[in-house]
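Modelling step: build the complete structure from the supplied sequences, incorporating the hints.
Here's the letter readout for the chains.
Protein chains: 2
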Amino acid sequence: MALHLTSKRRLDDTVLERDLTLDGVPGILWTPASASAAAPVPLILLGHPPLGLHAMHPRLAARARHAAADGFATATIELPGCGDRPRWPALEQARADLGRAMRSGEPVGDDVIDALVLPLVDRAVPEWRSALDALLPLPEIDGPVGYSGGLISVGVRLAVAEPRVVAAGLFAGSFVPRVITEEARRVTIPLHVLLQWDDEGNDRQALLDLFDAFGSEEKTLHANMGGHTGVPHHAADAVAQFFTRHLR
Amino acid sequence: MALHLTSKRRLDDTVLERDLTLDGVPGILWTPASASAAAPVPLILLGHPPLGLHAMHPRLAARARHAAADGFATATIELPGCGDRPRWPALEQARADLGRAMRSGEPVGDDVIDALVLPLVDRAVPEWRSALDALLPLPEIDGPVGYSGGLISVGVRLAVAEPRVVAAGLFAGSFVPRVITEEARRVTIPLHVLLQWDDEGNDRQALLDLFDAFGSEEKTLHANMGGHTGVPHHAADAVAQFFTRHLR
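So the protein lines, in turn, are chains A and B.
Residues in the first sequence are numbered from 0 upward in steps of one, following numbering that gives the first Met the number 0.
Residues in the second sequence are numbered from 0 upward in steps of one, following numbering that gives the first Met the number 0.
Bear in mind the hints are in silico, worked out from the structure with no lab data behind them.
Computed from a predicted model, the values in this text were never measured in an experiment.
Where a beta carbon is used, it is the ideal one built from N, C-alpha and C, also for glycine.
Don't take every hint at face value.
Simulated restraints on C-beta separations [stated by the list, open to error]:
(1) A:Arg58 to B:Ala95: 51 to 61 Å
(2) A:Glu91 to B:Gly226: 42 to 52 Å
(3) A:His232 to B:Val178: 32 to 42 Å
(4) A:Arg247 to B:Met101: 58 to 68 Å
(5) A:Arg58 to B:Val178: 52 to 62 Å
(6) A:Thr228 to B:Gly226: 30 to 40 Å
(7) A:Arg58 to B:Thr5: 52 to 62 Å
(8) A:Gly200 to B:Pro231: 40 to 50 Å
(9) B:Ser103 to A:Glu91: 36 to 46 Å
(10) A:Arg8 to B:Gly200: 50 to 60 Å
Take a look at the structure:
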């Protein structure tokens, strides 16, 4: 897979931000300014909801800064059918169906969740694995690799399928297909799961069932208040401590 | 309530441990060696299961050392009917009934839980409040006050009834009467709740229902693996960080 680093800028004196494309898939790479071939740093893949990298950039950059301060490079790529990538009619349809189901006030059916999430996971995970192939040879980056954030279903599939990912900090804030909860039983890496307890868009019981299903001997659930986007600072600090324990 | 400090020893160079009695109730007070009238420290009450202070001493002393390193005094008192305190036939009976119910393999009934826990809470909480009356005037101790540990039902009642307790780190590792879950709706102080996810003695759903019931705007649940006594080090560190945020 061809990696092109297309532009670069310093977020501040400590973090270098570079746009990239991987066979046409846009993404972003952040590295601590101190990272070098002589002092390479571990990599954390930053997962995100399917809202497009432009919209997500402020929050992704904040997470990247936090990680860089702990000595980690971070990278992300656009999800299929999102942002500047070609429209994907099946995804648009599945989104519309989910929106309609949620507005109806009825529980969202498994078929609606499956139709939205499973094709995204099936397409995205090979791309994230290819991103690892392309990024790990960079001189300033070295293993091991972590995955941090949502979509949690992408994180689960990566944790099962990608042996280079040795720890995952998962944001439990999206609908989870049952087949993903079944896959979770095969996850064995250390996990740190964030759940916003009062996130009205969550199916909390399904997310607790997912946490219960994970096969990992070391798994931690941190549930907090503050709604979907209100993760408290101390919870972000705890994620950072998790990755410091497992990637350094 | 008459406080008598009956003996003292240094646990190491940094923590002073003193036995105490409060109107005949035995207890222990730990203070950082650096605490003084000129530099008084906040107090954390250390809750514990009804197994007697002698049996619990190693784990209580470890928690006291951790707290002292963060600049906190800690204190605990014996629960009614436990340790060196006079036998309490109703408590003995309730314990025996619980043991029999658990050995039967059937779900433990509400009546068994109520009979064991509610009288303990009713008797213990006024004693813990009296302990505060006696301990807070000591020159090396100053408010605010935290409560840390189990019995979680004692912590809930204290959080509702005792305005000097401004933050609680609760160990969700014991049976909870339904009336306590109802009381939890009136708790408003910041809470940090520890749950051992794979604690086979836990009624996990009842403890999640309790967490859900708490009325506090700021509440955090940390669930980990490792069984009832296997709280990982990072989880103990997170409790310490919680108290540092709220008591300093």
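Status of each hint after checking the structure:
For A:Arg58 paired with B:Ala95, a C-beta distance near 56 Å keeps the hint of 51 to 61 Å intact. Distance hint check for A:Glu91 and B:Gly226: the Cβ-Cβ separation is about 47 Å, which falls inside the suggested range of 42 to 52 Å. Between A:His232 and B:Val178 the Cβ separation comes to about 35 Å, which falls inside the hinted range of 32 to 42 Å. At roughly 43 Å, the beta carbons of A:Arg247 and B:Met101 sit outside the given window of 58 to 68 Å.
Look at A:Arg58 against B:Val178: about 43 Å separates their beta carbons, and that is not inside 52 to 62 Å. One distance hint, 30 to 40 Å for the beta-carbon pair A:Thr228 and B:Gly226, holds here, with the actual separation near 35 Å. Distance hint check for A:Arg58 and B:Thr5: the Cβ-Cβ separation is about 56 Å, which falls inside the suggested range of 52 to 62 Å. Checking the proposed 40 to 50 Å range against A:Gly200 and B:Pro231 shows it is violated: the Cβ atoms sit about 30 Å from each other.
One distance hint, 36 to 46 Å for the beta-carbon pair B:Ser103 and A:Glu91, is violated here, with the actual separation near 56 Å. Restraint check, A:Arg8 to B:Gly200: a C-beta distance of roughly 55 Å satisfies the suggested window 50 to 60 Å.
Consistency with the previously given hints fails for numbers 4, 5, 8, 9, ordered from lowest to highest.
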